[in-house]
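Student: Sequence:
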Amino acid sequence: MGTEGSRPDPGSRPALRLVSEEAAWALAERGVRASVVRLPQSVHGEEDKAGFIGRLIAIARAQGGSAYVDDGSQRWAAVHQLDAARLFRLAVESAPAGARLHAVGDEGVPVRDIAEAIGRRLDLPVTGLSRDEADGHFGFLGAVLARDNPASSTQTRRLLGWQPAQPGLIADIEKGHYFTGR
1460 MGTEGSRPDP GSRPALRLVS EEAAWALAER GVRASVVRLP QSVHGEEDKA GFIGRLIAIA
1520 RAQGGSAYVD DGSQRWAAVH QLDAARLFRL AVESAPAGAR LHAVGDEGVP VRDIAEAIGR
1580 RLDLPVTGLS RDEADGHFGF LGAVLARDNP ASSTQTRRLL GWQPAQPGLI ADIEKGHYFT
1640 GR
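Take any residue in the sequence shown, note its place counting from 1, add 1459, and you have its number in the working numbering.
Derived from the structure by calculation, the hints contain no laboratory data. Accuracy of the hints is not assured; some may be wrong.
[Stated by the list, open to error] Here are the computed lysine to any residue pairs in the SDA-like style, where the Cα-Cα straight-line distance is at most 20 Å: (1) 1634 x 1623; (2) 1634 x 1575; (3) 1634 x 1510; (4) 1634 x 1517; (5) 1634 x 1571; (6) 1634 x 1513; (7) 1634 x 1580; (8) 1634 x 1505; (9) 1634 x 1520; (10) 1634 x 1624; (11) 1634 x 1582.
If you're wondering where the values come from, they're calculated on a predicted model, not measured in any experiment.
Whenever a hint applies, use it, and build me the whole structure from the sequences.
Tutor: Here's what the structure looks like:
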């Protein structure tokens, strides 16, 4: 599980994340109160129709079914947009220099649960796909959906008193706003 103390994988994308974190830490070493707020795979909310969940919904519509990879037990961290915004404000106001913060409301939502919520809302079948089938169904997102990538915000919550207050990812999908207008 990724924690605030985890260093980004130098081989991971986007490489810009590693560069920006290194720049923030260099500034902190020079006395600038710079910190890093890391966002999870899904930053969701009513304005997210073109984001990651919106893309999964568009793929489900185009493919005629919602899907997950293997048994769907891979986990994604997620945060509501308004909770993330509140953490950015807290970071600016009071995070110590060099702080690594995680904007994580849901530590690990199983990908199968995401696919099932999308399938329910669209009234489409939900299926598990092999890794090879996932690439055909999801395109480049197949590799992303196959990774288990939970993350914790325990240290962030303790440091800044931040507590997510908005709906979690599945509850947000169930609200239905992702499925109105395109």
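Student: Next step is simple, just say for each hint if it's right about the structure.
Tutor: Structure-based check of each hint:
no., hint, verdict
1, 1634 x 1623, "18 Å, holds"
2, 1634 x 1575, "14 Å, holds"
3, 1634 x 1510, "16 Å, holds"
4, 1634 x 1517, "17 Å, holds"
5, 1634 x 1571, "18 Å, holds"
6, 1634 x 1513, "14 Å, holds"
7, 1634 x 1580, "9 Å, holds"
8, 1634 x 1505, "9 Å, holds"
9, 1634 x 1520, "18 Å, holds"
10, 1634 x 1624, "16 Å, holds"
11, 1634 x 1582, "15 Å, holds"
Of the numbered hints stated above, none is contradicted by the structure.
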